[in-house]
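Residue numbers (full-length UniProt numbering), protein chains in the order written: chain A, 1 to 444; chain B, 1 to 444.
A few of these clues could be false.
Said to hold, decoys possible - So the derived label-pair ranges between C-beta atoms look like this:
(1) A:Glu146 x B:Asp211: 25 to 31 Å
(2) B:Asn174 x A:Ala28: 29 to 35 Å
(3) A:Gln201 x B:Arg177: 49 to 55 Å
(4) B:Tyr210 x A:Ala11: 15 to 21 Å
(5) B:Ala16 x A:Gly20: 17 to 23 Å
(6) A:Gln239 x B:Lys22: 21 to 27 Å
(7) B:Arg82 x A:Leu7: 42 to 48 Å
(8) B:Leu264 x A:Gly373: 24 to 30 Å
(9) B:Gln201 x A:Glu146: 36 to 42 Å
(10) B:His19 x A:Asp226: 44 to 50 Å
(11) B:Leu264 x A:Asp226: 46 to 52 Å
(12) B:Glu146 x A:Ser410: 56 to 62 Å
Claimed, not checked - Okay, derived cross-link-like pairs now, DMTMM-like style, lysine to aspartate or glutamate, Cα gap no bigger than 20 Å in a straight line:
(13) A:Lys22 x A:Asp372
(14) A:Lys22 x A:Asp8
(15) A:Lys350 x A:Asp372
(16) A:Lys22 x B:Asp123
(17) A:Lys303 x A:Glu228
(18) B:Lys22 x A:Asp123
In case anyone wonders, no lab produced these hints; they're calculated from the structure. Note that CB positions come from ideal geometry on N, CA and C, so glycine has one too.
There are 2 protein chains.
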Amino acid sequence: MPRHPRLDPLADRYAARTHGMKTSEIRALFSVVSRPEVVSLAGGMPAVTALPLDAVGSMIGELVSGMGAQTLQYGSGQGDPRLRERICDVMALEGITDASPSEVVVTVGSQQGLDLVTRVFCDPGDVILAEGPSYVGALGVFQAAEARVRHVPMDDDGLIPEALEQALLECRANGDRVKFLYTVPNFHNPAGVTLSEPRRQAIVDIADRYDLLVIEDNPYGLLGFDHEPMRALRARDNQRVIYLGSFSKTFSPGLRVGWVLAPLAVREKLVLATEAQVLCPPSLTQYAVARYLDTQPWREQIKLFTELYRERRDATLESLDALMPPGTTWTRPDGGFYVWLKLPNGLDSKLMQPRAVGAHVAYVPGIGFYADGSGREYMRLSYCYPEPDQIREGVRRLARVIEAELDLHSTFDAVDTGTFRAVGRPGATAEPIVGPATSDRIED
Amino acid sequence: MPRHPRLDPLADRYAARTHGMKTSEIRALFSVVSRPEVVSLAGGMPAVTALPLDAVGSMIGELVSGMGAQTLQYGSGQGDPRLRERICDVMALEGITDASPSEVVVTVGSQQGLDLVTRVFCDPGDVILAEGPSYVGALGVFQAAEARVRHVPMDDDGLIPEALEQALLECRANGDRVKFLYTVPNFHNPAGVTLSEPRRQAIVDIADRYDLLVIEDNPYGLLGFDHEPMRALRARDNQRVIYLGSFSKTFSPGLRVGWVLAPLAVREKLVLATEAQVLCPPSLTQYAVARYLDTQPWREQIKLFTELYRERRDATLESLDALMPPGTTWTRPDGGFYVWLKLPNGLDSKLMQPRAVGAHVAYVPGIGFYADGSGREYMRLSYCYPEPDQIREGVRRLARVIEAELDLHSTFDAVDTGTFRAVGRPGATAEPIVGPATSDRIED
Numbered sequence: 001m002p003r004h005p006r007l008d009p010l011a012d013r014y015a016a017r018t019h020g021m022k023t024s025e026i027r028a029l030f031s032v033v034s035r036p037e038v039v040s041l042a043g044g045m046p047a048v049t050a051l052p053l054d055a056v057g058s059m060i061g062e063l064v065s066g067m068g069a070q071t072l073q074y075g076s077g078q079g080d081p082r083l084r085e086r087i088c089d090v091m092a093l094e095g096i097t098d099a100s101p102s103e104v105v106v107t108v109g110s111q112q113g114l115d116l117v118t119r120v121f122c123d124p125g126d127v128i129l130a131e132g133p134s135y136v137g138a139l140g141v142f143q144a145a146e147a148r149v150r151h152v153p154m155d156d157d158g159l160i161p162e163a164l165e166q167a168l169l170e171c172r173a174n175g176d177r178v179k180f181l182y183t184v185p186n187f188h189n190p191a192g193v194t195l196s197e198p199r200r201q202a203i204v205d206i207a208d209r210y211d212l213l214v215i216e217d218n219p220y221g222l223l224g225f226d227h228e229p230m231r232a233l234r235a236r237d238n239q240r241v242i243y244l245g246s247f248s249k250t251f252s253p254g255l256r257v258g259w260v261l262a263p264l265a266v267r268e269k270l271v272l273a274t275e276a277q278v279l280c281p282p283s284l285t286q287y288a289v290a291r292y293l294d295t296q297p298w299r300e301q302i303k304l305f306t307e308l309y310r311e312r313r314d315a316t317l318e319s320l321d322a323l324m325p326p327g328t329t330w331t332r333p334d335g336g337f338y339v340w341l342k343l344p345n346g347l348d349s350k351l352m353q354p355r356a357v358g359a360h361v362a363y364v365p366g367i368g369f370y371a372d373g374s375g376r377e378y379m380r381l382s383y384c385y386p387e388p389d390q391i392r393e394g395v396r397r398l399a400r401v402i403e404a405e406l407d408l409h410s411t412f413d414a415v416d417t418g419t420f421r422a423v424g425r426p427g428a429t430a431e432p433i434v435g436p437a438t439s440d441r442i443e444d
Numbered sequence: 001m002p003r004h005p006r007l008d009p010l011a012d013r014y015a016a017r018t019h020g021m022k023t024s025e026i027r028a029l030f031s032v033v034s035r036p037e038v039v040s041l042a043g044g045m046p047a048v049t050a051l052p053l054d055a056v057g058s059m060i061g062e063l064v065s066g067m068g069a070q071t072l073q074y075g076s077g078q079g080d081p082r083l084r085e086r087i088c089d090v091m092a093l094e095g096i097t098d099a100s101p102s103e104v105v106v107t108v109g110s111q112q113g114l115d116l117v118t119r120v121f122c123d124p125g126d127v128i129l130a131e132g133p134s135y136v137g138a139l140g141v142f143q144a145a146e147a148r149v150r151h152v153p154m155d156d157d158g159l160i161p162e163a164l165e166q167a168l169l170e171c172r173a174n175g176d177r178v179k180f181l182y183t184v185p186n187f188h189n190p191a192g193v194t195l196s197e198p199r200r201q202a203i204v205d206i207a208d209r210y211d212l213l214v215i216e217d218n219p220y221g222l223l224g225f226d227h228e229p230m231r232a233l234r235a236r237d238n239q240r241v242i243y244l245g246s247f248s249k250t251f252s253p254g255l256r257v258g259w260v261l262a263p264l265a266v267r268e269k270l271v272l273a274t275e276a277q278v279l280c281p282p283s284l285t286q287y288a289v290a291r292y293l294d295t296q297p298w299r300e301q302i303k304l305f306t307e308l309y310r311e312r313r314d315a316t317l318e319s320l321d322a323l324m325p326p327g328t329t330w331t332r333p334d335g336g337f338y339v340w341l342k343l344p345n346g347l348d349s350k351l352m353q354p355r356a357v358g359a360h361v362a363y364v365p366g367i368g369f370y371a372d373g374s375g376r377e378y379m380r381l382s383y384c385y386p387e388p389d390q391i392r393e394g395v396r397r398l399a400r401v402i403e404a405e406l407d408l409h410s411t412f413d414a415v416d417t418g419t420f421r422a423v424g425r426p427g428a429t430a431e432p433i434v435g436p437a438t439s440d441r442i443e444d
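Based on the sequences and whatever the hints tell you, model everything.
So, in structure tokens, the structure goes:
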């Protein structure tokens, strides 16, 4: 069963977009992280077993027994009207109080929402601005659309407005067609940082000044540890901001229910696009979410999730503080699922991966989160799924792996061990270790 | 709430593909067919209430209560392995005995399967061959991909092999890149006809001779009234035929579970494309289908569905035979959901629609099933959803509508009533009433 068949008789008839598709760094890890002896800090799986499974099971069973004529039947392409109403209630928690159910399109996870928005707006060669690093699943969508991604740096307060403005000016000078800014303002995946309050207004002001469309992707907004949800970008601008939401982190990812909130003219295009893609989202899963919001204590459940993730975040940060060798740095998330870690001495997280797998710990190498091949000295650590004790053990193993790499580095200083990029390789040009544009900014 | 906002501030920044998107003839009818006084022969909704809803409800409830850690969690992009095994069992009923679960990709309905195949193969301007008429949802996918559709005529035995060969020769002469043939061999939507046994072999031979890829879309194959399922095209050629399947008509469309069976090299591309589009299909709905196939009498249920649809088909054909004015012709399906009807005297089904709505009967105008604007004298009648008595009443109303149009035609023979195209309009060039390429072939 060849993974990359050499003799594909159809090789010459694929579409142009197909040639650029490649396996993500996360999927490439799948066979590793599913081994029971491996502590996985790689995946972003929510802790769904913290849900009241019996209650949710009865609820969904009754939806089929009692309302099978609706829940097992085709529905509207735009999504169930009752669910769209409840989605507006959810968004109100982040200050979006003017949204109408008619502006909401229900999608198969917010991934489909992003794909639809990208298909509706982007021709091949168009430019999308995105944080560096950015969500790996978004980069997959943009690549499939043959769009070009230009990364904009972040720091601990999220996307840097001045850098956004500079990127816009440069694109304008280049004659690039910038279709939108894609941003994850809360508890960023993978960076773990949150866009500060003053910067939110600054970004919206820039969008207004440069006539820039903003795609606000917000799966984690309600999962903050320390304060109330921040006001969404969409709450500040209802014409230039298209908002993507999801129930994957607040309820269940296995139902694949997300949504897009967009101005009516755009919403109309999105509905046509989703009808061509899936006809309509699954009815059963939509009814399940609407009924869950109607009958279950969903706000309390989010609080419970948040407490659980906070404990895991704490275990992660405490272990990192105690165990990581000097020179290693990382972000300190106050919500969401992720820590973004920078290796010391130019270590390369991708090249280090075999040693980590051998030590039974998994992470996602940083290069997966850049469209331009940078990010090699970074990695993403997810604390959402493993128990605190597993997290501590995982960080312990990771610390030993990094120390072993550093030892190797200092012992064979002038030898190319394969783990370092162009570090003292005899005869090679002394190439500086160049990180992503954010390399000196996204540290703790 | 403008449906077609004139002042869309983003109008100048949509992708090229977006400008071609338009509401389908079926969705345009939505507000009409949902009115209780209207007999709808328009929609293609399966009779899901014939399912054992209590048993299915308990089954799905238990899946969540007992297996929430799997059914509510993210799954594999390719789809649940157990479900893919059971899908191979289902396909064996149509003679596909060499399929491996590794060649199957689970999709959000077979609509997503067709979208993925089209995205993987088609660049803008590529040519797709498709029956005339063809499935309206497929035409939406091809339009979104900016592909050009060339229709190939059918008759009562389905796609005409000689016409396919002629189309291929003409495309070759034109320098067109033909990416594939899209065909619905069983109980065609909307034509209601089935590809005969000798023609199946002829189509596969042509595909081999012309190096043509074939997309076999087969949602209705198990819903035959008179004989065992026919052998699929894919059973005759496992390299040139990509097969699309669906549980929407044999179980439930509201779960949105379909699949693609493709050679491994193509399957790999399809998985990358679906990961970029939806990450993974919903877990709960996949587990529900797999459990249904494992524990419920699904073959007996299909038999029950078939008996029910046969009764409705009979009610349709008997009423048409008894009531339709002379000159009206229609196909006689021996399975599936649809009758394809041709109006007499060049009546235009789209222009006749307001009168039909006034008479409280709905159908889908034939132009929705052609990419080239032809099909005006045709309509699709669906008998899958209404009860036999409703069907008889609907056909009665439709017959009266057609008779009234014919009366109008004969009374105001020389006047342009708006219902006829270029029929005796004074001063206009006597333009012949040109039907689709199949106009003289697809009749009963």
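Evaluation of the provided hints:
no., hint, result
1, A:Glu146 x B:Asp211: 25 to 31 Å, "26 Å, holds"
2, B:Asn174 x A:Ala28: 29 to 35 Å, "43 Å, violated"
3, A:Gln201 x B:Arg177: 49 to 55 Å, "50 Å, holds"
4, B:Tyr210 x A:Ala11: 15 to 21 Å, "18 Å, holds"
5, B:Ala16 x A:Gly20: 17 to 23 Å, "19 Å, holds"
6, A:Gln239 x B:Lys22: 21 to 27 Å, "24 Å, holds"
7, B:Arg82 x A:Leu7: 42 to 48 Å, "31 Å, violated"
8, B:Leu264 x A:Gly373: 24 to 30 Å, "28 Å, holds"
9, B:Gln201 x A:Glu146: 36 to 42 Å, "39 Å, holds"
10, B:His19 x A:Asp226: 44 to 50 Å, "46 Å, holds"
11, B:Leu264 x A:Asp226: 46 to 52 Å, "49 Å, holds"
12, B:Glu146 x A:Ser410: 56 to 62 Å, "57 Å, holds"
13, A:Lys22 x A:Asp372, "14 Å, holds"
14, A:Lys22 x A:Asp8, "16 Å, holds"
15, A:Lys350 x A:Asp372, "15 Å, holds"
16, A:Lys22 x B:Asp123, "18 Å, holds"
17, A:Lys303 x A:Glu228, "11 Å, holds"
18, B:Lys22 x A:Asp123, "18 Å, holds"
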